[in-house]
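Knowing the structure of chain L, use the given hints to seat chain F on it.
So the sequence lines, in the order shown, correspond to chains L and F. Counting in our numbering, the first sequence runs from 838 upward without gaps. Counting in our numbering, the second sequence runs from 6 upward without gaps.
Simulated from the structure, these hints should not be mistaken for laboratory data. Honestly, I wouldn't trust all of these hints.
Stated by the list, open to error - Straight-line alpha carbon distances no greater than 27 Å define the calculated DSSO-like cross-link-like pairs of lysine-lysine that follow:
#1 L:Lys-869 - F:Lys-11
#2 F:Lys-134 - L:Lys-868
#3 F:Lys-134 - F:Lys-82
#4 F:Lys-82 - L:Lys-868
#5 F:Lys-134 - L:Lys-869
The residues making up each chain are set out below.
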Amino acid sequence: MLIILAAILHLVLAGMLLEDLSNRERVLGGKKVPWGIVISLVVFAGSLLYLLCHPRIFYGSDDK
Amino acid sequence: MSGFQKALAKLTRPNALNFYLLFFVWSALSLFYYFGEIVDLAGWDALRWEFFYSVHDVHRLVFLIPIIYAAYVFGFKASIIISVISLMVFLPRALFISAYPNALARMLIFILISGSLGCLVAVLRRAQKQAH
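Here chain F stands alone, though its shape is the one from the complex:
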């Protein structure tokens, strides 16, 4: 088996597929979170929708998808890691870009709730696995 075939075999394992799917979704959501700024930088005037420049609570909410998915599929540690790297993505907007009040506090409250939710999902999933 060649090196390429070995690498392909490793990448197509169910766990590896879940992992890279998780990171693909997380990366796409990170781009979505800063899409307004990307549109400004690239000068894509046709995409200058008000939605991308409004308060980003809804945009943050979609990060629940990778956090809960990580908790369900991989468990507690993965959920914490995804929460921390999501928080790192949120930080520049809260401190430098957002013109809305209490941006930092809203971001921290969201990440505390979503992190807790992820941990609860991981605990429930582990209990479910042990019961079977």
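This is chain L alone, in the form it adopts within the complex:
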């Protein structure tokens, strides 16, 4: 049960973050691929780390 629910939540969150990652011009560290791997493979902690390092996912790209 935990695995199914966690997988659904992970897919929802990772999907939103990967969409943001693909649309983003700049990411912390300069490379998108490691972020994509972290978001996809590190359940919850990877997504949380991406969120904390890229706060503009919440409020758009106001410092371009």
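Just chain F now, with coordinates in the frame of chain L:
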């Protein structure tokens, strides 16, 4: 301007401050949600209050603060993200710790209602912004 000053300037923008305040509140509430277990692990006997070991409906209710705050300040997407990561925090207690009946169902009902509330707040806020 040095790298540190640039980083400081970015962090002190109103949106960034709101974002990190939101995450600070959410993290503090997550710790509060598992405080009973933290007290047990750390052996802090003086803090072994019954409140931390009771049914966690009230403890969950405080997560409305970051969900509605996110919806009001940042909008729909932020509200959904905060709801999903809050649900991930609730999940281990509902499945492994809670001794009370229907823990999973109560958690899912709460997150459905709070998520809907967040979305409604985001919609109202957007309408309010467009009206001005």
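Going down the list of hints, with the structure as the test:
1. L:Lys-869 - F:Lys-11: 22 Å, holds
2. F:Lys-134 - L:Lys-868: Status violated; Cα separation ~36 Å.
3. F:Lys-134 - F:Lys-82: Between Lys-134 of chain F and Lys-82 of chain F the Cα gap is close to 17 Å, so the pair holds against 27 Å.
4. F:Lys-82 - L:Lys-868: Distance ~24 Å between Lys-82 of chain F and Lys-868 of chain L Cα, so the pair holds.
5. F:Lys-134 - L:Lys-869: 34 Å, violated
Of the numbered hints listed earlier, those contradicted by the structure are 2, 5.
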